Amino acid sequence: MPRGRALRTGGRQLLLTTTTASPATDRRTRVRAELAERTRSFTELAHTVRSEGLNGRTRGFYFALLGGLGTALVGAIVGVVLLGESWFQLLIAAALGVIFTQLAFVGHEAAHRQVLASGTANDRLGRLVATFGVGMSYSWWMNKHTRHHGNPNKVGKDPDIDLGTLAFTPEDAAASRGFRAWIIARQGWFFLPLLLLAGLDMHQVSIRSLFSRKPIKGRALEMTLIGARFALYLGLLFWLLPVGMAFAFLGVQLAVFGLYMAASFAPNHIGMPIIPHDAKLDFLDKQVLTSRNVSGGWWMTALMGGLNYQIEHHLFPSMPRPHLYRARQLVRAHCRTHDVLHTETSLREAWVIVIRYMNEVGLGASRSFRCPTAAAMGR
1 MPRGRALRTG GRQLLLTTTT ASPATDRRTR VRAELAERTR SFTELAHTVR SEGLNGRTRG
61 FYFALLGGLG TALVGAIVGV VLLGESWFQL LIAAALGVIF TQLAFVGHEA AHRQVLASGT
121 ANDRLGRLVA TFGVGMSYSW WMNKHTRHHG NPNKVGKDPD IDLGTLAFTP EDAAASRGFR
181 AWIIARQGWF FLPLLLLAGL DMHQVSIRSL FSRKPIKGRA LEMTLIGARF ALYLGLLFWL
241 LPVGMAFAFL GVQLAVFGLY MAASFAPNHI GMPIIPHDAK LDFLDKQVLT SRNVSGGWWM
301 TALMGGLNYQ IEHHLFPSMP RPHLYRARQL VRAHCRTHDV LHTETSLREA WVIVIRYMNE
361 VGLGASRSFR CPTAAAMGR
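All the letters of the sequence shown, read from the start, carry residue numbers 1 to 379 under my numbering.
Hints may contain errors.
[What the hints assert, rightly or not] For lysine-lysine, the following DSS-like pairs were computed, each having C-alpha atoms within a straight-line distance of at most 27 Å:
1. Lys-157 with Lys-144
2. Lys-217 with Lys-157
3. Lys-280 with Lys-157
4. Lys-217 with Lys-280
Derived from the structure by calculation, the hints contain no laboratory data. If you're wondering where the values come from, they're calculated on a predicted model, not measured in any experiment.
With the hints as constraints, model all of the structure from the sequences given.
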């Protein structure tokens with residue numbers, strides 16, 4: 001039988017339903033009524049969004065964006081060829097890290113069916129951009145990201161809060177041992193440096209997933225694309241540059257790509273409420289209360305690939321990037337009317353919250369640990 005559990009979000013208490021037995025029939029009825037009302041309210045919001053045409057495709061925007069990124073990529077390759085044996089090549093490496101991240105944003109949007117009309121066309125574009133262009137498995141990303149969207153910040157369901165190296169809940173931090181426990185106790189301060197390795201990690205996880213025994217749609221195609229990508233990229237790099245310079249180039253490119261990519265996703269949910277594994281939320285609350293928008297206007301949208309409108313993206317994942325600003329206005333008004341906390345901060349404020357939260361989780365676990373010898377001595 002469901003039971004109500006209170007989750008405080010700002011000044012409001014949200015009732016979560018769990019599967020624990022309880023005789024409180026009136027509370028169960030109240031919870032069901034609240035969930036039904038939230039569902040009705042979101043249906044109204046979705047109707048308004050559709051009536052304004054905000055789910056319509058914006059092919060011109062994406063074709064122009066891809067054209068610009070393609071031109072930048074060709075320009076970077078030409079720059080590497082013309083510049084030759086010069087340490088100024090590292091500037092081109094950093095630029096490539098930015099270009100690959102921007103391509104990854106388009107791959108992410110194709111996976112959400114934001115770019116083209118049909119799912120098949122979006123998948124083809126996504127594999128071309130993400131797998132061949134960036135070097136990430138499109139299928140691996142789709143599987144992981146779909147699970148995240150279904151249950152953001154939910155314990156045991158969201159893969160983005162189950163990364164292994166870091167801890168996002170006090171329980172996970174308290175269960176850590178050895179070197180991982182030492183890292184987690186300092187994870188807030190290590191967080192940004194660790195992001196420098198995120199690009200390399202995404203590549204290795206992608207390749208491992210393609211060689212795993214799990215069923216993967218388009219495995220052969222993705223293995224061909226990712227293999228061709230790395231053969232061309234690494235072959236050209238080590239052919240044109242001395243070995244040491246080529247490794248330095250690769251290191252800078254991977255570091256910039258990893259930092260930029262992870263830093264664009266991290267502010268979206270870290271430090272927002274964590275949903276217990278046995279809790280049930282309606283769709284509106286589940287997506288809004290666990291997400292954070294980042295203010296900054298059009299330049300922030302360009303910088304973060306539309307991820308700055310994280311709340312609207314989670315509510316309407318197939319909505320193209322250019323329509324998210326208008327959707328934000330509608331969603332904010334709706335949340336204000338229905339007393340749903342809509343969180344938006346500056347990028348700086350978001351990162352302060354992220355670092356503070358990661359430190360609180362890590363330091364909380366380390367402070368709760370008592371050495372048995374010290375405890376026996378009364379210390």
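Problem - Pair hint outcome, Lys-217 versus Lys-280 [Cα-Cα no greater than 27 Å] - result: Distance of about 31 Å is beyond 27 Å: violated.
Handout entry: Lys-280 paired with Lys-157 [C-alpha distance capped at 27 Å]
Key = Holds, because 12 Å separates the two Cα atoms, which is no more than 27 Å.
Handout entry: 27 Å Cα cutoff - pair Lys-157, Lys-144
Key = Given pair Lys-157, Lys-144 holds - Cα atoms ~10 Å apart, limit 27 Å.
Practice task
For the pair supplied as a hint, Lys-217 and Lys-157, confirm whether the alpha-carbon distance does not exceed 27 Å.
Solution key: holds (22 Å)
Going down the numbered hints, you'll see the structure goes against just number 4.
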